[in-house]
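Q: Chain by chain, the residues run as shown.
2 protein chains.
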Amino acid sequence: MLACQAVVEGDAVVIVPPPEAIERRLTTDHVAPDAVVPDGYDPAVSQTVRRVVLDLEPPSMDDQTDDWARLVTALRREAGVDAVEATLDQIRRLGTDLRSADWSVAVTFDTAGVGSSRLIRVEPAAAVGPLWGLAIDVGTTTVTVWLVDLGTGTVEAQGGEYNRQISRGEDVISRIIYAGKGDGGTELRDLALETINGLVTGLCGRAGIEAEQIVKATVSGNSTMMHLLLGIPASSIRLEPFITQINHPPLLRGAEVGIAMDPAGTVDVLPGVASYVGADIPAGVLSSGVRFSEKITLFIDIGTNGEIVLGSSGWLVTCACSAGPAFEGSGVVHGMRADRGAIEEVWIDGGTHEPSYRVIGNVAPRGICGSGLISLISEMFLTGILDKRGQIDRSLTTSRVRRGEHGDEYIVVRAGENGADHDLAVTRVDIDNLLRAKAAIYAGFEVLGDRVGIPLDTVERVLIGGSFGKYINVEKAVGIGLLPDMPWERFEFLGNTSIRGAYLALLDREARSTVSDIAGAMTYIELSADNSFYEAFTAALFLPHTDLSRFPSVAATMT
Amino acid sequence: MLACQAVVEGDAVVIVPPPEAIERRLTTDHVAPDAVVPDGYDPAVSQTVRRVVLDLEPPSMDDQTDDWARLVTALRREAGVDAVEATLDQIRRLGTDLRSADWSVAVTFDTAGVGSSRLIRVEPAAAVGPLWGLAIDVGTTTVTVWLVDLGTGTVEAQGGEYNRQISRGEDVISRIIYAGKGDGGTELRDLALETINGLVTGLCGRAGIEAEQIVKATVSGNSTMMHLLLGIPASSIRLEPFITQINHPPLLRGAEVGIAMDPAGTVDVLPGVASYVGADIPAGVLSSGVRFSEKITLFIDIGTNGEIVLGSSGWLVTCACSAGPAFEGSGVVHGMRADRGAIEEVWIDGGTHEPSYRVIGNVAPRGICGSGLISLISEMFLTGILDKRGQIDRSLTTSRVRRGEHGDEYIVVRAGENGADHDLAVTRVDIDNLLRAKAAIYAGFEVLGDRVGIPLDTVERVLIGGSFGKYINVEKAVGIGLLPDMPWERFEFLGNTSIRGAYLALLDREARSTVSDIAGAMTYIELSADNSFYEAFTAALFLPHTDLSRFPSVAATMT
Chain A
1 MLACQAVVEG DAVVIVPPPE AIERRLTTDH VAPDAVVPDG YDPAVSQTVR
51 RVVLDLEPPS MDDQTDDWAR LVTALRREAG VDAVEATLDQ IRRLGTDLRS
101 ADWSVAVTFD TAGVGSSRLI RVEPAAAVGP LWGLAIDVGT TTVTVWLVDL
151 GTGTVEAQGG EYNRQISRGE DVISRIIYAG KGDGGTELRD LALETINGLV
201 TGLCGRAGIE AEQIVKATVS GNSTMMHLLL GIPASSIRLE PFITQINHPP
251 LLRGAEVGIA MDPAGTVDVL PGVASYVGAD IPAGVLSSGV RFSEKITLFI
301 DIGTNGEIVL GSSGWLVTCA CSAGPAFEGS GVVHGMRADR GAIEEVWIDG
351 GTHEPSYRVI GNVAPRGICG SGLISLISEM FLTGILDKRG QIDRSLTTSR
401 VRRGEHGDEY IVVRAGENGA DHDLAVTRVD IDNLLRAKAA IYAGFEVLGD
451 RVGIPLDTVE RVLIGGSFGK YINVEKAVGI GLLPDMPWER FEFLGNTSIR
501 GAYLALLDRE ARSTVSDIAG AMTYIELSAD NSFYEAFTAA LFLPHTDLSR
551 FPSVAATMT
Chain B
1 MLACQAVVEG DAVVIVPPPE AIERRLTTDH VAPDAVVPDG YDPAVSQTVR
51 RVVLDLEPPS MDDQTDDWAR LVTALRREAG VDAVEATLDQ IRRLGTDLRS
101 ADWSVAVTFD TAGVGSSRLI RVEPAAAVGP LWGLAIDVGT TTVTVWLVDL
151 GTGTVEAQGG EYNRQISRGE DVISRIIYAG KGDGGTELRD LALETINGLV
201 TGLCGRAGIE AEQIVKATVS GNSTMMHLLL GIPASSIRLE PFITQINHPP
251 LLRGAEVGIA MDPAGTVDVL PGVASYVGAD IPAGVLSSGV RFSEKITLFI
301 DIGTNGEIVL GSSGWLVTCA CSAGPAFEGS GVVHGMRADR GAIEEVWIDG
351 GTHEPSYRVI GNVAPRGICG SGLISLISEM FLTGILDKRG QIDRSLTTSR
401 VRRGEHGDEY IVVRAGENGA DHDLAVTRVD IDNLLRAKAA IYAGFEVLGD
451 RVGIPLDTVE RVLIGGSFGK YINVEKAVGI GLLPDMPWER FEFLGNTSIR
501 GAYLALLDRE ARSTVSDIAG AMTYIELSAD NSFYEAFTAA LFLPHTDLSR
551 FPSVAATMT
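Quick note, the sequences are listed as chains A and B, same order. The first sequence begins at 1 in our numbering and counts up by one. The second sequence begins at 1 in our numbering and counts up by one.
Some hints here could point you the wrong way.
Remember, identical chains collapse to one label, so a pair may be satisfied in a single copy or spanning two.
To be verified - Only pairs whose alpha carbons sit at most 25 Å apart, straight line, appear in this in silico SDA-like list of lysine to any residue:
hint, residue 1, residue 2
1, 295, 520
2, 181, 90
3, 295, 451
4, 181, 151
5, 181, 123
6, 181, 97
7, 388, 457
8, 388, 455
9, 388, 183
10, 295, 454
11, 388, 174
12, 181, 417
13, 388, 127
14, 295, 557
15, 295, 485
16, 181, 87
17, 388, 474
18, 181, 102
19, 388, 128
Keep in mind the hints are simulated off the structure, nothing from the lab. Predicted model, so just to flag it, every value in this text is computed and none were measured.
In isolation and in its complexed conformation, chain A is listed as follows:
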């Protein structure tokens, strides 16, 4: 059951943790290996942001051309720029900028727009440093920012942080509801900006630059996050027929969006496809190379929603499965995000039914995160604690199985064990939530494959994006029927494909154009209007599936 559909049957206290209290397990201090500069990156060819040095003839009684025309004429002559667009603020500053630079200026502009270039900066030619850009991924849970030297393509620094909106709701649905009440929309927008700008400030500090030196930001994220960031009402996303206000936002400027950067710098919000297939999916398809391969590929981004793309270079179909927050450790009694203290992997002894586990940070266990739950359910099933319907076998002779206030449960950690201050158990309700989540995703695979006549076992590659994906144990994910059963070498874990797509689109006009092509080429299949989805979902509610022949490797383990 989704939290938003829960009926409160008695007095309830809802505790919203302040974001400061969240412990972090995020990559904030290193350049991850996935920030690889594209081969042969040449800003002169690829980059839409350009900077030219102009030694302007100062005005004189013989040449009384106005400042703006003097600049535009020189840009046309020296840089072949046909039309330039400036804000009124830029025009207001122009005369001062030209004179204080003694008419020798470096002019930065962005050629990304249609029809005209956008003026960004006019500064003394003598004083210029590198041009900086940002790749930003606004996830429902995590916001990631890369600070990029646009001249070399190098990621100078990168950081991640929980989206501060979390304190106002764990998933997109609760955020949309929050945004629709009073000043909720403004509040969520401010929280997203605080998160982004906090990261930007930190990255700039590490790189020793000012945020005002950042001339472009390319932003990815799901449709709800993009709406909330831009202050666009998101309520239609939540309500049938599930419409976004805009999938392809226009180019904006830093000041309009509120990002800590040059106020005239370009903000390029990547295009989304549908309410639940946002910009992160075309960006992920781009960076994972699905579009550039003949291989039939299944691309999955699992979070609160599972977005799935099936395709190859010639075609792409996509859908979104409302998995619920179970994989993010939410909606589960002792669930938690993949923070310090989260159990992320579990092994159960087939004879004694005693568990062993690994805890993030090697500290006292505090809860169980998504990958830990997958591991746990898989082990419980394989050791006979769960039957194929997900019911706990109370007949087992182990004190780990008991009747709790939420029904039957299995105790993973007893209070006092390894410093735990209370019992950590998985309940029947938790298991049902997880089964629904994995069934929704598996049914999504199936419907997509059916639509295009591709049996799942002919899929040549399965690419798993999303930071969650990085920590999944494939064997166990297959074991519970979350991922299709196929040779492990076909699976590839890509981490955050969305930020990498934003990074590539920031660097390369061709890549940016490909993101739009991908978004436009994707055939979106709305599952909530699809009867075959419901059937596939129901069949997938079992462990690993009603039809065991689909999971031969699991069947082999069971015999």
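Chain B: place on chain A using the hints.
A: Coordinates of chain B only, in the frame set by chain A:
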């Protein structure tokens, strides 16, 4: 001497009248006959602002197109609009606007831009009234606004008001200086906007509409006024080499400029030519028809500066003469603007040297306005009170001539006469100021004519624009050598040609394009760098001129 160049040699108290205290002689209550709808005005052909009614298919599970794409697609299909540009605020409102209109919307957009149209309004199709526009002329002294029904071209209401900036300086130079100090620029901008918006609110009240229904404003005025209105620093206009920051401002939106209108409505600031030949001159050349006639025409706009254009359909030369504020009644001891109580016409008896005069509003005389000064000087010269160098003949047996604290003077009104509460005299210093002003303008004519090899007496038409022009007595203006001596039928007084140009440019895309063509085609001659100007100026400092043969009609009167 210009006020800005005066040296204060002792304690000085500068009294700045509050704008509320200024008495008004402005046309605020009637539609002047010059607001004539162009023949055959057809908004479907001429108007850049368009409105189309779209009955959009509401989104459904079968068509989950996002709101923005739904609108853009329909605009392309129904109105042939290739690209539409919207502000982030418009995108934020779009979903609500579409839904509250139940998907049947009237969409207003402006096709004036290059490459893409600008979205202005999305409103319920059922509720739309006329589309309204503004023609605005921001003069140094007077701001004029016409409220125009864009569907019919009719001027529904018009108003004029003193520019509230007057309290911060009478002329453009003193305003530029004021703008350059502290928050002076912001203050002047606010005052210009208060003036405009006060008028707009009044006009809307009379028309029974809301200012938000105004979708376009076309603005004319001199370069300093345009800079101050847009908050662009104007200091370079005042300092050699006299450069504007921008002559062709881009299309702006109501909210950016601050005009009381639809915040997304277009503000089109017409193009200027140079620091002292602003948008009002191309606008005046347009509305006076200079560009459409084979006749060699002299077009003059006399105010603080005299802007002069010589040309015909094939060519245009222009210059600006720094006349000083004498014609606006400033820089003259008993000078005043053409308000109630201003002497606007004087006659002097050749025998007794006793004056008679006409006072604006038929009230007690309070001062002498520009047209009154021209009339007075001409009469004084013709009756022998002044010699050709402008010196007062002290030998005359009249008590009207005396030595005052500013040197020799002629008393036009004695304290007590007709209710005057003090003597009103014209002094030697005043006369020198007026001679310099008229000499600058006449020398401008001469230099322009010399440059293109057109003797002044071959000029076929003299068109006089500016509200000041309306009250000049041609005979007397020729009498002092301000206007060239030619048959009176060649003179035509056009009143405010700038507002009419703005009005035509607001209505008609061809007219708007012609204004740009005119601005681009004008050859600007900088007089301050021109030796021949100085010679012509010196020769013109006499009454009516050193070379009396240029003024045969005046010579005839003198004999």
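Q: Work down the list of hints and note, for each, if the structure agrees.
A: Here's how the hints hold up against the structure:
1. 295 - 520: within (20 Å within a copy, 59 Å between copies)
2. 181 - 90: For residue 181 and residue 90, only the inter-copy Cα distance (20 Å) is at most 25 Å; the intra-copy one is 36 Å.
3. 295 - 451: within (18 Å within a copy, 76 Å between copies)
4. 181 - 151: neither (44 Å within a copy, 41 Å between copies)
5. 181 - 123: between (44 Å within a copy, 24 Å between copies)
6. 181 - 97: between (44 Å within a copy, 18 Å between copies)
7. 388 - 457: within (22 Å within a copy, 108 Å between copies)
8. 388 - 455: Classified as within; 24 Å inside a copy, 107 Å across copies.
9. 388 - 183: Classified as neither; 47 Å inside a copy, 76 Å across copies.
10. 295 - 454: Answer is within: at 12 Å inside a copy they meet the 25 Å cutoff, but 80 Å across does not.
11. 388 - 174: Result: close neither inside a copy nor across copies, 32 Å intra and 89 Å inter.
12. 181 - 417: Cα proximity of residue 181 and residue 417: none, with 44 Å in one copy and 73 Å across.
13. 388 - 127: So residue 388 and residue 127 fail the 25 Å test inside a copy (69 Å) and across (61 Å) alike.
14. 295 - 557: Result: close neither inside a copy nor across copies, 30 Å intra and 102 Å inter.
15. 295 - 485: within (18 Å within a copy, 90 Å between copies)
16. 181 - 87: Answer is between; shortest inter-copy Cα gap is 24 Å, intra-copy 33 Å.
17. 388 - 474: within (19 Å within a copy, 106 Å between copies)
18. 181 - 102: between (52 Å within a copy, 22 Å between copies)
19. 388 - 128: Neither, since 65 Å and 63 Å both go past 25 Å.
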